[in-house]
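Novice: Sequence:
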Amino acid sequence: SSVPPDGADAARGTAALDAGTDLRAAVGDAVLARWRAAAVIRNTETYVDRVTADPRYRSEKNEKPPRKIGSRLELLDCVTCDKCIPVCPNDANFALMLPPDPIPVTRLRWDGGKWVVTAQENRPVEKKHQIANFTDFCNECGNCDVFCPEDGGPYVLKPRFYGSLAAYRDQAADGLFVGREAGTLVVYARAAGAEMRLERRAAGDVRWSGPGFDVTVDLADPLRTIAGSADAEVDLGWAHLLDRIADALLEKPNNNWVGALLS
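Just so you know, the sequence shown maps onto residues 1 to 263 in this note's numbering.
Don't read these hints as lab results, they were simulated from the structure.
Errors might be hidden in some of the hints.
[Said to hold, decoys possible] Below, simulated DSS-like cross-link-like pairs (lysine-lysine); rule was C-alpha separation at most 27 Å, straight line:
1) Lys-128 with Lys-252
2) Lys-64 with Lys-127
3) Lys-127 with Lys-252
[Stated by the list, open to error] Just the calculated beta-carbon pair ranges, DEER-fashion:
4) Asp-170 with Leu-262: 29 to 37 Å
5) Ala-53 with Ala-182: 38 to 46 Å
6) Ala-202 with Glu-140: 36 to 44 Å
7) Ala-16 with Gly-113: 41 to 49 Å
From the three backbone atoms N, C-alpha and C, an ideal C-beta is built for every residue, glycine too.
Based on the provided sequences and hints, a complete structural model is requested.
Specialist: Here it is, written out as structure tokens:
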């Protein structure tokens, strides 16, 4: 939303935005804080109007929990009924627009002075979107589990995103943090207690590190491009997944808190 003009401050801010220079440096912290506060109020008014008019948030759509169907949630794909999104009191659950394309799962090992493929398969991704959770807003009330027709709880088993690297490191639970370091996009991930890190270097070229390995690789041609050290098998399935998740979060417009933090 726009904010009321502040004379010289507005002129300096507009000039900075037009030139692509630092807005904070142009107007100062105090002015920027005032503008941000005004924008929050206006955006909140727009958000409330939109949510109030959305049928999926009305009581008649959510007055009864769906019947359990006996299947268990996994990290990706579910029945995508989306019940877990409107019933979250903190708006922590959201739709992640991951393309419904199979994820290559390639495993490599350094053996006899060369890299060899130890496994090659595809992991299906079939649903129109995925369900994810922004942990900074989640108080683990379990309401999404009540309304979910599958077992396990979306706030437990779906991708859990932290809003900062400090928050990610402060927890022992599985989860992800997507951010930038010196302008480079990085993804930190913890799965079954194993720590992994993806750093984008160029188109398709990433630095991928985890338990017992630290390699660079072009995900489109892993066997010919992989380089680095590995005392253990290198699972590129996770690298492909995290790379796609980063793309989904960077898509415009951002329809979730994590994508907004990356903007």
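Novice: Against each hint, give a clear statement of whether it holds in the structure.
Specialist: The hints, checked one at a time:
| no. | hint | verdict |
| --- | --- | --- |
| 1 | Lys-128 with Lys-252 | 17 Å, holds |
| 2 | Lys-64 with Lys-127 | 24 Å, holds |
| 3 | Lys-127 with Lys-252 | 20 Å, holds |
| 4 | Asp-170 with Leu-262: 29 to 37 Å | 20 Å, violated |
| 5 | Ala-53 with Ala-182: 38 to 46 Å | 43 Å, holds |
| 6 | Ala-202 with Glu-140: 36 to 44 Å | 39 Å, holds |
| 7 | Ala-16 with Gly-113: 41 to 49 Å | 55 Å, violated |
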